[in-house]
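K.L.:
For chain A, the structure is supplied; the task is to place chain B on it using the hints.
2 protein chains.
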Amino acid sequence: MNQDYIIPNNWSIIEEGFNTDRVKSSESLFSIGNGAMGQRANFEEYYSGPTFQGSYIAGVYYPDKTKVGWWKKGYPEYFAKVLNAPNWIGINVQVNGENLDLFTCKVDNFKRELNMQEGWLSRTFTATLKNNVVVTVKTKRFLSLTLDEVGAINYTITPVNVDATITYSPYLDAGITNEDTNWDDKFWEITSINSKDNKAFIEAHTLKTEFNTCTFMESECFLNDKKTDITPKIEKLENKITYNYTADVDAKSSFTIHKFAGYTVDRNHPKDKLISAATKALEKATSTGFNALLESQKNAWATIWETSDITINGDVKAQQGIRFNIFQLNQTYLGTDAQLNIGPKGFTGEKYGGSTYWDTEAYCLPFYMATKDQNVGRNLLAYRYNHLEKAIENAEKLDFSNGAALYPMVTMNGEECHNEWEITFEEIHRNGAIAFAIYNYYRYTGDYSYIPEKGLEVLIGIARFWHQRATFSTKQNKYVILGVTGPNEYENNINNNWYTNYMAQWCINYTVETIANIKENYASDYDRIMSKVNLNSDEIKKWKDVADNMYFPFSEEHNVFLQQDGFLDKELTPASSLKNSQRPINQKWSWDRILRSPYIKQADTLQGFYLFEDNFTIEEIERHFDFYEPFTVHESSLSPCVHSILAAKLDRMDQAYSFYLRTSRLDLDDYNKEVEEGLHITSMAGTWMSIIEGFGGMRVRNNTLSFSPKIPKEWDGYSFKVNFRNHTIKVSVTQNKNTFELLKGEELTLMINGKSITINQNNLITA
Amino acid sequence: MNQDYIIPNNWSIIEEGFNTDRVKSSESLFSIGNGAMGQRANFEEYYSGPTFQGSYIAGVYYPDKTKVGWWKKGYPEYFAKVLNAPNWIGINVQVNGENLDLFTCKVDNFKRELNMQEGWLSRTFTATLKNNVVVTVKTKRFLSLTLDEVGAINYTITPVNVDATITYSPYLDAGITNEDTNWDDKFWEITSINSKDNKAFIEAHTLKTEFNTCTFMESECFLNDKKTDITPKIEKLENKITYNYTADVDAKSSFTIHKFAGYTVDRNHPKDKLISAATKALEKATSTGFNALLESQKNAWATIWETSDITINGDVKAQQGIRFNIFQLNQTYLGTDAQLNIGPKGFTGEKYGGSTYWDTEAYCLPFYMATKDQNVGRNLLAYRYNHLEKAIENAEKLDFSNGAALYPMVTMNGEECHNEWEITFEEIHRNGAIAFAIYNYYRYTGDYSYIPEKGLEVLIGIARFWHQRATFSTKQNKYVILGVTGPNEYENNINNNWYTNYMAQWCINYTVETIANIKENYASDYDRIMSKVNLNSDEIKKWKDVADNMYFPFSEEHNVFLQQDGFLDKELTPASSLKNSQRPINQKWSWDRILRSPYIKQADTLQGFYLFEDNFTIEEIERHFDFYEPFTVHESSLSPCVHSILAAKLDRMDQAYSFYLRTSRLDLDDYNKEVEEGLHITSMAGTWMSIIEGFGGMRVRNNTLSFSPKIPKEWDGYSFKVNFRNHTIKVSVTQNKNTFELLKGEELTLMINGKSITINQNNLITA
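For the record, the sequence lines run as chains A and B.
Sequential numbering from 1 applies to the first sequence in UniProt numbering.
Sequential numbering from 1 applies to the second sequence in UniProt numbering.
No lab work stands behind these hints, which were simulated from the structure alone.
Just so you know, not all the hints are guaranteed correct.
Note that the list lumps identical chains together, so a pair holds whenever it fits in one copy or between two copies.
DSS-like, lysine-lysine: derived pairs with alpha carbons at most 27 Å apart [unchecked claim]:
id : residue 1 : residue 2
1  : K397      : K67
2  : K755      : K713
3  : K475      : K541
4  : K542      : K226
5  : K579      : K397
6  : K196      : K519
7  : K478      : K111
8  : K186      : K67
9  : K579      : K542
10 : K713      : K730
11 : K67       : K208
12 : K372      : K532
13 : K24       : K73
14 : K73       : K588
15 : K240      : K579
16 : K673      : K111
17 : K208      : K397
18 : K544      : K298
19 : K588      : K390
20 : K72       : K588
21 : K196      : K227
22 : K673      : K397
23 : K713      : K737
24 : K233      : K755
25 : K737      : K397
Chain A on its own, in the form it takes in the complex:
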C-alpha cells in the first residue's frame, strides 16, 4: 500500500501530501537515532489517528516472562522486550483553544523530509483547524551526535488568516506502554517528577531490570525569531509534566519553540546523579543553541559519510536506497560503546526484542570493518568474548559440559533472551557465525593479536559445543547433527541441515588449526589458554574425528547437497507458483502450512556457499543456486543480499540487480508489508555488501584486497570507499572503466580482476 510514496532523491527521504493510512509506515521510515537513543518519527503535536509511538534507549529492555503450556527443562526464563521509553518529543499545540491535530485538520502542502546528509527530520505543512484558523507549521528535529543524551526540536507556527492565541505545551510523558503489551502490563515505575526553572525531569526505572533513567526537557520561545520570555504554566500529573507557553501571535508572525530534551541513564551515570547529569546536558544544549547544535550535527554526519558513502549515478532510487541503509546503520550503532550492539530493528520498532543476533557477525561486521576504525570491529568481537561465560552457562542449561559454549540466539546481557525452543535450542548455527567473525576480522584487518588475546577461548568453547552436539549415526556411519533449525526458519527441528553441519565442521577445523598456530607462535598465550580451558590433545583428536566424519545430505538425482534430510519429501512446487495474494506467506499462511512447504525464508545452503565460496567450483555454486533459489521467498530481510552477491558472482547481473533493489529498498518500498513495525536494520549491512562484494567483487585473500567490479546496465556508474588496514581506497565503476584511488595510507598492492596492481596516493589507477 505505501509502496512508491517516497519521493526519489539522492540525499533525502521525502514524503509529500498527508495520508493518514501512511502515518505508521512513515513513522518507521523517518525514524531518527544517534546510537544512544532513537525514535520513530511520531509527531510532536497531539495526533488522534492511528499511530505507533516509539522512543527507545539503547540497552534498556524488559524481561517478559516466558509462558508456555508445558514447561520444559532448559527453557529461557524470559524474552527481552524492547521497551518504549518515556516520550520527550511531545509538544501539543493549541490555536485559539483548538488542538492542532493532523487527523482532524485539513492538511495542505504536507512535506516530510529525513535529510540523511545532515541528520535531521523536518515537516512543513499548512493546516486549517476546525475553528477555521489557518496556520503554517515548520518543524525540525534531530538527535545530537555530539551530545548524545540530547535531542533538539525547532517548532514554528505562523497563523495565516487571523491573529491567534497560541499555546505550546511541551511535555514529558512516562505513562507510556508498549504496542505489544499484554493485558495491563506495566514496565516503568516513576520515581519522581520535578521542575526547576525552565527544566523538567521525570525519573523512572524499569520494572525487574531496574534501569534508572531521567527524561528531561527545557524549552525556549521566540516571536518572529526573537527570543521571548514567557512564564510557563506548569501542570504535573501522575506520570506527565507539561509546560504551557502561551503567546498572542499576529497573523503572518511566527511563534517558535526550541525544545531540548533527552535521557540520562544509569549505564553512564550514578543512579542518584541522573538529574544533575540531565541539568548539565541541558545547560550545554541551551548554551550552544539549536542552530549551532544543528551545525555540529551536520559536521558529524559529514565525517561519517566521508568514509562510508556510496554514490550511484543514473539511478536515483538505488542511490536513495543505499544511503538510507548506510544512514540507518549509523543511526543504530556507531561502535563507540562496546556494551551495545545492533538490534535488528534498531530504534524503529519493538519487534524481535533483544539487541544482538547472529546478524551482527554475519552481516554487520563487514560493514563496520570497512567503513569505520578497525577498533569498532574489535569491539563487536569483544562483546562476544565478554559473554563467553554466559554462553558456557547457556550450554550447561542444555546439558552440555566441559566448557562447551552456546551463544544465545538473542541477547542483551549474554543470557538467552528469546524464548522459543525451536529457535533458542535449535538455531545453533549462530555459533558458527560467531566463530567465522573471528576469522573474518583477522582476514580483513590482519590483526591476529585478537585471537591469542580473546578469540581462541571463544573458538574452543564453540568447537567443544559442536563436538558434543553431533551424534554418531550407525546408519550413516558418520556424525549427524539432529534436531536443528537452519538459517531457513521456515523449517524447524530438522536433521542434518547442510549449512549447520558445514559450519560445525569448519569451526572445529579452524579451531584446531588456530590452536596449532598459537602453540607455535604465541607460546605463552598458548600455555595460559590451555591451562585455563583445560584442553588436551586427546580432546582435540575427538573433535577432529567429528569434523572428518561429518555427514552431509546429498541428492544424487539433483546433484546437490540437501538443505536437510527431509527436503525432498516435500511437495516441490516453486515459489513462482504462489499467487501474489498468498505472499508474504508468513502473513498469509499458518505456521503449520509453512513448515510443511518447501519454501525457504532466506539463504540457507546458499549462505554456506556465500561464506565458503572458495571451497566450491563455480559450477557447484550455480547448480545449488538454481536448485534452491526457486523455492526461496526471501521473507527474511537477510536473504536478497546474499542472493545478489551470488548472482553477481555467477555473472547474472540482471538477477543481481533485482535482488539488490529488493534489499536496498526493502523498507522504502515495503516488500514484506511490515514496515509499519519498524525497519530492518541489520540487513541494511547486507545491502552494503551487495554493492561492495557483489558488484564491486571485493574480497580479501592472502592479505590482499581484491576487486572484480561489475555494473548493472541500469547505472551510469557507482563508487564506494573502503577502509582496509589503514588505507582508504576509493573504487569508481562506470560502464566503461573502473578506477582505483588511494585516499589514505601508504602504497598498497591490490588484485584487480585477477591482476596484481599497486596503488599509491599519487595516481589514479584505471583497470
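P.N.:
Just chain B now, with coordinates in the frame of chain A:
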C-alpha cells in the same frame, strides 16, 4: 521420596505419621471431588509450611494470553489455565490465643485417611502447641454427591491437659492465586462480600472469562456433641470474611464445628441469583445435618461401586491401586453434565490447563461405557459433536477449508486452548482418536443411531482434514504426512509418524464405509447430511486415493514399521542404559537433548497396534513391542497401561503385571516424581483397561462380548463387572478357574477363550 509411605489397605488411602516433606504429595493423593468441584487435601487450619493450595470448580478457567517471541499465523490466542477458586475449607483454630499450625506444633499419632468406599477424607492427630497445650483433633470432610454444590466439614478438638479457650475461625477467602501465576497476575475480581445471620457469601467473577461464582459457608458449633449457640465475631477484609466462634472448653471435653460450604456458579443459576441459590443450598445442607449428609454420601458411593468395583485378592497394593483409580475417575467426572469433560489432573492440580484432551476418547470412554449408563458415553461423544463448528474454525485458522475439522488438542469450550505450535498444530492424531471413539461407541453399545444423528458429520469433517493434510511425495510415490507430533511427544515436527498415518488412513476408510452404510440404511439422514456438508462422490474418491496410497515408513533391517522417517538416525541406546539419576528425563534433561534422543515418552507405534490389533499378526505385534518398548521411558501416564495390555496379549504376564503395577500405583508410588503437582486422572482409565482388556482379555467383536482371562501369578484372584448393552456381567478369575455371572439383563452369548457360551441370571458359568 514419598514412595511407599501410603499404607496398603483395601478401601482406604492411609498415611500415618506427620512429615512436612510429604505434605504437598499428600495434598494431591488425598484430593476429593464430586464432579462439580474438587480440592486438594489442604488442611482446614492455618499451615505455615510448604503447601500447594488448590480448590477448583468444574469448567471455570482463565485464558492466559499466549506470549511468544515471534508470533506466527494461526497461533491460539490463549492457554486455558485451571483456576484456583476461592477457598471455603479454611477453619483457623486458636487455642488459648495460640494458632494451631502443624508446621510449628509437635504432632503425634497423625493419621490421614481417604475412605474411597464412602467418599470422605479424615485426619486425626494429637498436637502439642507452642504454649504447651495438648489437643487431639479429628476432622472429616466430603464433597457431597447428592448436593453437589456443597461440601461439609466436621472438625473436633479436645484439649487434653488443660482447660482451654478455643476459637474456630471458619472463613471464605477469595484472595487466592495460582501456583503457576506470573508476576502480579490476578484472575478473580470480588463483587461483594456479605454476611447474613450465620451465612457468609463472597461473590467473585473471573477476569476475561467472566464466570460468576458465589462462595458460601455456614457453621454450627457443638460442645461435647451438643449444639451450642455461639455468637460469632465477624471480620470482613477486602477479599475474605471470617466468623470467629470462641468457647471455653474443659480438658477432655470436645468442641466441634460443622462447616457447610461450597460454590454456586452461573453455569447453573442466573448470575444475579447466586446468593439466593447459595442460601437454598445451605438451608438444605444444614437442615439435613452433617451426619445424614454423610450417610447419603456413603449410599451414593455404594451405588457407584456397585457397577464399577474391581476386587483383587491376595495383593492389597494392587487392590488399593485399582480402587484409587476408579475412585478418582468418579470424583472427576460423573457423566451427568454434557458440558463438562475429564481434565487430566481432575481437581487435584493446575498443570496442563483445559479439561479435554484426546485422553477422553482414547482412554476414558471405555471405562465410562462399561461402568455407567450408556448415556454417559453418548454425552462424551456429543461433547465433540457440539464443538464441530469450532473444530472447523480451528482448521480454517490453519488454512484448511471445505469443512475440514481439526479438533483442539486441549479445550474448555471447543476452541484450542493450548498454545504451543508443536502440540496444537502438529499433534493431529487426536482427530483420529475422536473418530475412533465413534466407532468404539457403536462397537461396544450397539447404538448405531448416534452415527446418522451426529457422528457422521464429525467423521466427514475429520476425513476432510486428513485428505487435505496429506501431501503427495514424488520421491515415495505415496501420500505422506509431514510435520507432525505423534503420541510420543518427545519428538516434534517429524515426518510420517506411523501412528498418525495409520489413523488417517483408517479414518478415511471408516468414514467412506459409514457414508455407504448411512446411504443404504438411513436414506433421509443421508440426504440431510450430504446437503448440509455439501459432499459428493468426487470428493470421496479423492479421500480414498489418499487412504489407498498412504505411505508407512518401514525398516527392512529391523522388519518393523518406523515410528517416523528419521527414527533410525538416532543413537539407538536402550532406556535401560539410562542411569537412575537421569530419570525421569523430562526433569533431568533439556528439551533439546530429549528431542534428539531415541527415548519414547509413551506408546506410539504400539498405540496403533493396541487399537488395531486385529489387523496384525501376533508375530508382528511381538516384533514391534520388542523393538519399541526398550526405548520407551513411560514418562506419560498413558504409556504403561497400553504396554500392560499388549504384554498380556503376548502372554508375558510378568511384564504385564509390572506395567500394571506402574499404571495402577503411578501416583500412589509417585513413579514420575511429580505427584505434588496433582494426580494423573485420565490415565487411571487406562489402569482399568489394563485389568479388563489386559488381564480379562475383554473385547467386543461382531456384537459379541468376549473374554480370555489371565491372571498374574502374584494374585489369588480378581473380579470385575461390566455393563454391556443392558447386561451386567461379573467376571471372576482365580488361578484355577474363571466364572462368569449375569447380574442384570436377559440371556447373553459370550465368547470365552474363543468358545461361544450363553449365560443367564440363573447360572454361574465356569470356563
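K.L.:
Are any of the numbered hints broken by this structure? If so, which, sorted upward?
P.N.:
4, 6, 7, 12, 15, 18, 24, 25
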